[in-house]
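So the chains spell out like this:
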Amino acid sequence: MTGLLLSGFDLVTSLLATTAGAGAVTPANFWMPEGASIQAPRVDFAFDLINWINYVFFALIVIVMVWFCIRYRQRGKNVEFAPGPIHNTTLEVTWTVIPTLILIGIFFMGFTGYLDLYTPPKNSYDIKVTAQQWSWEFEYPNGAKSTDELVVPAGRPVRLVMRSKDVLHSLFIPDFRVKQDLVPGRYTYLWFESNAINDPDDPSDFRWLFCTEYCGKSHWNMNVQVKVFDDEAFETWTKDQARWLDMIDDQDLYFMAGPKLYARCVTCHSLDGSDGSGPSWGPRGGLGDLWARVTNGTGKVDGGRKSDGGKTLADYIGNGKLYGTAEDYIRNSIYDPGALLVSGFGNQMPTFEGQLNDRAIDALIGMMQHLDEFNADGTFKDQERVNAALARIEANKAAASQASMGVTEPAETETSD
Amino acid sequence: MTTIDTPRAGDIAGNPPVGGTGPVDNYLTWTKGALSWIFTLDHKRIGVMYLTGVLVSFLVGGLFALIVRTELIAPGKTFIEPETYNMFFTLHGAVMVFLVIIPSIPASLGNFVLPVMLGAKDVAFPRLNLFSFHLWMIGALFTVLALLLGGFDTGWTFYTPYSTKTDMGGVVPVLFGVFILGFSSIFTGLNFIVTVHKMRPPGMTWFRMPLFLWAIYATALIQILATPVLAITLMLVGLERAFQIGIFDAAMGGDPVLFQHFFWFYSHPAVYIMILPAMGIISDLIAVHSHRHIFGYSFIAYSSVAIAIFSFLVWGHHMFTSGQSALLNTIFSAITFSVAVPSAIKVFNWLATLYKGSIALNTPMLYALGFIFLFTIGGLTGIYLGTLNVDVHLHDTYFVVAHFHYVMMGSALIGFIGGLHHWWPKMFGRMYNETAGRIGFVLVFIGFNVTFFTQFMLGSQGMPRRYYDYKPEFEIYHLISTIGSYIMAAGFFLTAIYLLHSLFRGARAPANPWGGRSLEWQCTSPPPHDNFKVTPSVGDCYDFSVVRWSEEEHGYVIDRSKETDSSSGEGSGH
Amino acid sequence: MTAIDANTNKNPDQGDHHHGDHESENPFQAHHFDTPQQQYESAKLGMWLFLGTEILFFGALFALYTILRANDPEVFSYASQYLNTMLGGLNTAVLILSSLTMAAAVHFAQRSKKTMMLICLWLTLLGAIGFLVIKYFEYEHKIHVNLTWGPGFYMPVDPAEATLVGDDGTVLSVVQEDALAVSEEAGKLAAAAEESLPDVLQPQLAPAPAADASSIQLAAIGPGGLSAVDPEAKIAADKAAAAHIEHSDKPHLEDEKLPVNTHRFFAIYYAMTGLHGIHVVVGIVMIIWLIVRGMKGHFDRRHYAPVDLGGLYWHIVDLVWIFLFPLFYLIH
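Chains C, B and W, in that order, give the protein sequences. In terms of my numbering, the first sequence has 305 at position 305, counting the first letter as 1, and numbering is strictly consecutive. In terms of my numbering, the second sequence has 153 at position 153, counting the first letter as 1, and numbering is strictly consecutive. In terms of my numbering, the third sequence has 61 at position 61, counting the first letter as 1, and numbering is strictly consecutive.
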């Protein structure tokens, strides 16, 4: 009953929101989460309207049913069973026609609403989305890439041009009321426009983006944050994002860039020694952590496209062998994971060729070398050094913007060469 | 034509009232030994074996569900790993759909009831019937084998390309198992269609058939029309996995969305394979327990067939966000709404049947009323999902999970359990404890709603389905839902206990405990080996004015003296 | 009772046996049927329904065929040339003849002519087996030259074994010096490519190009698509094009006209003809069973339903092939 009353209120508010036009965030209610896109009010209106029609029909059916059960209950075993009416044309036509008309109305409401959802406006801002098990990658027109959050500009239509690298995924932002599958072998579109601006300085101010098409082991974890920035903040963000790796000083790279990059590895590779879909980077099998296993050559390998039957990494790493150095092995394992497999693991890892450049690889190798300085969740232990590094990044940014005043050339940092 | 008074004289005499020594000649005691069951050609025994298999599978699938719900009781890991969780929700779906709901009503209750209700000695092809059951067993064994070979985590829908890529070893065995189960289902359907067409006794015209038979007939049509497509689809997935033939796998130039079209072309009609027989059961339960002629007989009969036909045209509504064209989405949405109308009218017809009835709130009737309640919710929530723009938000969330549980479990399975309670005395000749039955129903009903109604809220708030873990704001709903599932489990546990108890300690059932009018209530409980000594003749199976309570029989009897000329009729269609 | 009458006309003698008491002397009547007529009609309806499911079974594949062909019409018109129309046509003739003998067997069974019925069944059996033998030769040639499904289609062909069947049905030997030289050359180039290319660019060769999740190329996989990943195929194709080999002699991989996704033609070809072949095998078992029962004298004019229904099944198997033949062999 509370739900019923609340929904009545919702109907009014969503009607108001529709008439008031875009801009406001519709508050969360008993059924729906906050509506933060310009499409949301229309979806909510359809939902609430159907809600009300359903409440009426459901109440009608249940009340009639209960009433009849009480009124016409059998009194005693030995009673005459009277034949009742078995047919009534007027009644039957009525209860056929009324639901039909209502359903036709609902269909058209859904259909026109869907066309709005489906058709992106012209001049939309395009962001390329690539999904793979189990991460998202968002690429902006200036070449900036983001994997841990989707940041979009406020007040203009954003079109996501989406593809999947492996299996089906589906991009769902509940607060925007939009969803679209990502199909390998095809491109799909999704568009929305939001005016619900998030505060760039408040990490808790964001909306969720979920994967809603089951895609395997870590499907449940394939979700990232969505943030809507105003034009200024958005421009700053994309610029920084495009060259974030370059802004970090070399000595800070492994703990400033490392954890950020590691966020894509964490679904399979833990730091604490427990194996997931892939071997842990931490100590496993009594052989030490990943870097130790590689440099000592004790890591066990078994199979892979380039395997020649060797059993440990010592058989593959060294002068004249498959990989000249430990770093070579790591780099190639990220670019071509199927070449040589760690014992007990199949080839599940996608290649990161073209996604991680040498600087990113350096950062990851650095992280592997200093694993003891990280917490199990991949964060760096020494906050003071982080703060100092942040200050240096700010200085670098300032210097860079000084150097290129007014020039918005895309900085291609993440492409491999 | 005269009334041929079916088995009454001989058989009811062999079935003395409570306290008697029990009937000598019934199908349960006809022959003895395990082999006489495994290789029986008697449709009733085959029905009972199906029933056992289905109930065991239901227990297993239910335990999987409890594992899934328990894991979700709180955020973070509760007691199993994500891989295990994925495997359990997949197993839960696959077992419940392919081993429980699809065979539940047609294969178990249908097999038992259909020939008796029809007035036939057996189904048309008893050997084929037995073969279907053996196929079912083999299919079930392959599912077990799939578990032993590493399990499978594809979801019961086997969506490509994940199902062709996942490295779990159980995928091919389970595909093969479902392929075999498909043939079991096809042969059962084929058998029923021929039986209904060719085995009706004189007087049993098409429009004298109880509505359950119409529903089974419509279901059988879907079974033989849709299942071959599923079989081919699963075969192609297996080939894709084994040989990379490049039909569905984008890596080889194939199209994963094509798989969804093929899969739902079967699996949407399969939803009606599940729900139509339940609707048939409810039509009969409502009429019998309110002792009132069913309202709008021909509409209900035709609507079953209409729903069966429409069901082939709506598969695309599972794919509104899959990337299929907007035009297709619109067409599928429109046709989807057209299916809603006959379903709605059925509900109104059931309500009208209650009007001026003489309603006995026996356990089967409680399940029937529960069905109307739950099916109404299931059907009405389908409207949100058929509405294009709302579905975009709700697709693949818990809203969908809740919706199809209301339809597949709240309706199809509740209908099955209602039917089981209805025909239990007929099947085993024993009455269960009525009070326990009512308590069991209340537990199941409350537990069900607590479990699944909260999932509507979860879904509309944005919780995606098939998630191992969730955001804190969803916690309260998941907690309530899990508690509900425990209540429901308690209800089913109680039901299992009193049903098993009744087998050994239950009072002897009269031939007609509820006041039914169709033919199965005119032979003894349990029925004799050949159902009818003489091919029976048939009256109006919804004319309850001739039904009388008899203290002597401890049940209802049909007062032939009051019977008007209701049993006239040509053997047309024969 | 019009249905019964209609059937009685077909078999005038039968009328005598089912009036009056339904206790028939027919030993093959099951207890749960009232009359042999009812049993016969039930069996016939059941068989028709079963054949309906068979049609749908193949119908799903025909739908798939339609979709694939609508998507890539050039693949179908191109790849069809690799099928041997003569052998296919021969098989069509064999099946139609066997259908004829089957119909004759039913005819003789209805008239209690046991010997003639058995002769016709034997002839049908011969046709069925002949069909499979011819089909075996067709498959064998194709598998030798890797005209198969999936990754196997893109495996380099061993020229020593390669024989190709030309458009006109003649078997052409490809063991020609030119071809060998080209092939060896291609092999060397490939080996060189393997050594010189950096690891990350190494082709992800068969047997499992699709195993690596990341290897999906969006446009398509085929020689065109693969060439982006697979330098050998490209090199080999270029080299082959330069070597002036006659079109029909060329292994498909060396044909620069090979459309993208041609392997899918062969996937559906093997799926459909293979499924049909399985049905022929089932048909053979069934015909043998009919022959055994026929020799025991189980069939006469009162009881010929098994022959009749077996005949129906065999006609459907035949009918499916009559669709398959033009759809695969006669489209280029």
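Wrong hints could be hidden among the right ones.
Simulated restraints, written as ranges between beta carbons of each label pair [stated by the list, open to error]:
| hint | chain 1 | residue 1 | chain 2 | residue 2 | range |
| --- | --- | --- | --- | --- | --- |
| 1 | W | GLY89 | C | TYR189 | 44 to 52 Å |
| 2 | W | ASP300 | B | SER325 | 57 to 65 Å |
| 3 | C | LEU287 | B | ILE497 | 51 to 59 Å |
| 4 | C | PHE58 | B | GLU551 | 57 to 65 Å |
| 5 | W | ASN71 | B | GLU475 | 43 to 51 Å |
| 6 | W | ASN71 | C | TYR189 | 50 to 58 Å |
| 7 | B | GLU475 | C | LYS77 | 45 to 53 Å |
| 8 | W | LEU97 | B | LEU327 | 57 to 65 Å |
| 9 | B | TRP30 | C | LYS77 | 55 to 63 Å |
| 10 | B | GLU81 | C | GLY320 | 38 to 46 Å |
| 11 | B | PHE79 | C | GLY273 | 45 to 53 Å |
| 12 | W | ASN71 | C | TYR55 | 17 to 25 Å |
Since the hints were made in silico from the structure, they are not lab data. Glycine included, each C-beta is placed from N, C-alpha and C at the ideal position.
Whether the CB-CB distance between GLU475 (chain B) and LYS77 (chain C) falls inside 45 to 53 Å: Distance hint for GLU475 (chain B), LYS77 (chain C) holds at roughly 51 Å.
Cβ distance range 51 to 59 Å for LEU287 (chain C) and ILE497 (chain B), holds or violated: 55 Å, holds
C-beta pair GLU81 (chain B), GLY320 (chain C): status relative to the range 38 to 46 Å that was hinted: 42 Å, holds
Hint check for GLY273 (chain C) and PHE79 (chain B) - Cβ pair distance inside 45 to 53 Å: Between PHE79 (chain B) and GLY273 (chain C), where Cβ atoms are some 21 Å apart, the hint is violated.
Consistency of beta-carbon spacing, GLU551 (chain B) to PHE58 (chain C), with hint 57 to 65 Å: Violated - the Cβ-Cβ distance for PHE58 (chain C) and GLU551 (chain B), about 42 Å, lies outside 57 to 65 Å.
GLU475 (chain B) and ASN71 (chain W) - C-beta distance against the hinted 43 to 51 Å: 47 Å, holds
CB-CB spacing for TYR55 (chain C) and ASN71 (chain W) relative to the 17 to 25 Å hint: The hint (17 to 25 Å, Cβ to Cβ) is violated, given that ASN71 (chain W) and TYR55 (chain C) are roughly 47 Å apart.
TRP30 (chain B) paired with LYS77 (chain C), Cβ distance criterion 55 to 63 Å: Violated - the Cβ-Cβ distance for TRP30 (chain B) and LYS77 (chain C), about 32 Å, lies outside 55 to 63 Å.
Whether the CB-CB distance between ASP300 (chain W) and SER325 (chain B) falls inside 57 to 65 Å: 60 Å, holds
Range hint 44 to 52 Å (beta carbons of GLY89 (chain W) and TYR189 (chain C)) holds or violated: This hint holds: roughly 49 Å between Cβ atoms.
Consistency of beta-carbon spacing, TYR189 (chain C) to ASN71 (chain W), with hint 50 to 58 Å: 21 Å, violated
LEU327 (chain B) and LEU97 (chain W) - C-beta distance against the hinted 57 to 65 Å: Given a distance of about 48 Å, which is not inside 57 to 65 Å, the answer is violated.
When held up to the earlier numbered hints, the structure conflicts with 4, 6, 8, 9, 11, 12 and fits the remainder.
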